[in-house]
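Chemist: Given the structure of chain A, go ahead and fit chain B with the ligands onto it with the hints provided.
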Amino acid sequence: MTIMTNDEEIVGTRPAHRRVKLGVRKVSKTFRIRSEDGKTQTHLNVLRDISFDVEENEIVSLIGESGCGKTTLLRIVQGLMRHDAGAIEVDGHAVSGPGRDRGFVFQQASLLPWRTAQSNVEFGLEIQGVDPKIRAERAKQLLRLVGLDQAATRYPHELSGGMQQRIGLARAMAIDPSILLMDEPFSALDAQTREVLQRELLRIQADAKTTILFVTHDLDEAIYLSNRIVVLGARPGRVKEIIDVPFAGERPDLPVLRGSPEFQEIRQHIWQLIGNQSMPAHT
Amino acid sequence: MKQSTMTQTTEATLATAPDTEVEELVLNKPTRRYWAVRMISIFTVLLAWEVLGRQVDPLFIAWPTQIGAAAIDMIHSGELVGAFLESMKTLTLGFVLASIVGIALGLVIGRYRYVDASTDWLVNALYATPLVAITPLVILWFGLGFQAKLFIVFILAVFPVLINTASGVRNVAPHLVDVGVAFAANERTIFLKIILPAAVPFMMTGIRLGVGRAIIGMVVAEFFTAINGLGALIIKYGNQFETAAMFVPILSLMLMGVVYTAIAMRFERWVAPWRFTDSD
Ligand SMILES: Nc1ncnc2c1ncn2[C@@H]1O[C@H](COP(=O)(O)OP(=O)(O)OP(=O)(O)O)[C@@H](O)[C@H]1O
Ligand SMILES: [Mg+2]
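Protein chains in written order, with this note's numbering: chain A, 1 to 283; chain B, 1001 to 1280.
Chain B extracted, bound-state conformation:
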């Protein structure tokens, strides 16, 4: 009972309102305000582009309304949708393959020292090489069709996934591995239940880096083959000096990149929910 005053103050400090409520009060308004600022910024840039764009020779630049009109034409003719789907197909398939192969090889390389030692020079050399440079060679191997594009997307995206996965496996915090050892888990169980999940954030980083490279690979491949896809459309309208129409596939690519990155982040949330539960 002597301690009663002290206990009371302790409880008082511990019993402060749950911080989630407080945070919401603070966060809600600014978030909405930031969005308003963002919208204003987007509108201003588009307006400036429209006004300034009209001052320049239309061969060098197009402006938003002109691009919009070209887009509508291209959608009506079915050209844009066809090219978009074609590119999407290459990108998705190549990228999914790259992720699966990259993670699988990364796990093996990260786990077995000997495999690592025998392959790391090659992996690093290939990662450092701007692999789009081998595009002409790839076209010789596979022809101008889908396979060549698929291969280029794959080869560009696979290395960041592989390297990050391997380094995730290698850099698992020793104190987490100790948990497995302390509970008398065998090596296989430690790999499956500790090292693998601990490496997931690294895999996701690799996948996100891979997205950007996959898109670059796809566009370059389509430039070279110039048969179909958004890259081919850019070449076509570029050659015809139809600048506004050329901007349509460029903006479509931008959209694709944004969507893909968003999907990758969703996926990350889904496989690694523990890293996100504090923000929404």
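Chain A with its partners taken away, still in its complex shape:
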């Protein structure tokens, strides 16, 4: 099922022996839900035998049609949800709950409304009992990194959606996680803001050497950001294919990239895999 041909060597995007940072090993998840008549319980097979690796310092996207279990998988990796079978491994060790090694960026930012931007960024460090002076210092540094040092004292409702997303990113990065899990972090944003943040994410990732697992259902975003793309099929969610993206390394801006034939080829390929009917014209 998994097509991983010798492309790898031809394209050469992946150095041969990078360390596996995050391992998803035969993870399955079944929800118990009410059946259609509403009287009995049935089982909903959401994930079945999902396996893939994310290597150190790599960005991997999860893509697949709505409801195929992307969020479920990401929550399992973070430890927000239990899985029924399989294992999640970080640096080769199985993990069974949330930990400092993983930072989570929520789809709807999910900032705490009673905390200022800076205090939101400090949240994770506060939980870890870091000294207030040190965590304020660290928060300021991250606010600068996401370009929001001017907004430190503002409350979430005084920030735009894009700013909130950036604070959410800064909050996850503040605990200096070696893995960043992001659930459609840019999906609620307008195209321009999204492109700005995508570029920013690439820059930050290059700086901080973070490993990223990124959920999206925007094909362009997946191809633009990732070293590899894990395409999930639905009902039950399973890995359809893992695709290497040959642009990793130095990337032109997305609009430029979009024009390239390689980009179009990958895009077309993924589109057919997901099996969507209405492909928007992006040429």
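Derived from the structure by calculation, the hints contain no laboratory data.
These figures come from a predicted structure and were not determined experimentally.
There could be a bad hint or two in this list.
Here are the computed lysine-lysine pairs in the DSS-like style, where the Cα-Cα straight-line distance is at most 30 Å [to be verified]:
(1) K26/A x K209/A
(2) K140/A x K1193/B
(3) K1193/B x K133/A
(4) K133/A x K26/A
(5) K1089/B x K1236/B
(6) K209/A x K140/A
Modeler: Structure of chain B with the ligands alone, referenced to chain A:
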């Protein structure tokens, strides 16, 4: 460089003037105009009351200037100030106690399912009962003094605070709790740093509802005991058929309600500033 035209338009749209300035321009004038309209309305109503009131038998209604004169007399005799302070004391103490106890119990009930299951029937039954009905009983327990009034104010105000606090704790948005879990916070920390602050707006709603009930409780208690306080003054002048003098404590109660609600709202701003920073 190909993109330059597009980038320019983007920046142009993004660079519109900060919306605060625009808003101020729009808001300033109407606000002042609304106040003018409000003042005119108040003046008109008072004038109509004065004119129409004089047409009616003074036993049934008093008019503003007459009430004003009665108020001045009662202030001079010290009667009004004494009653006002007495009522204020009962109300404040009873209400503060009700808020503290209501929030504390509400937090416990909201957090622990078993406590909730074992108490919810009682809480709901007591909340639904018009508790002023037990006033005669309370007077039997505590006598006609301060304690009886305090108890009634307390028992009336405590339930809205308790019920709202508990439901605030229960209804914290799961995605906020997820934030705590994602950062590996333990259960206690999640309660203190997420559930508690998230429930604050609910507590404040309870407190504001409690204010109204506390005042009702106070007046009813003073009617029954009829010894001191504004409620006792109403009974006294009502029995003497001095309608104008009777209106003075009634209007004082109105003032007290307004002031109390304003204080509750100030307090809300103080403990939950994030909910108010956009309007003034
Ligand atoms: N807590 C839950 N209880 C029962 N069913 C659930 C639960 N969470 C998710 N599901 C179901 O599992 C399936 C996968 O949900 P999930 O949120 O992971 O999808 P997704 O791939 O993230 O979709 P989208 O792209 O729309 O966000 C859906 O059919 C959903 O209804
Ligand atoms: Mg999802």
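Chemist: Any of the earlier hints contradicted here, and which numbers?
Modeler: Violated hint: only 4; rest satisfied.
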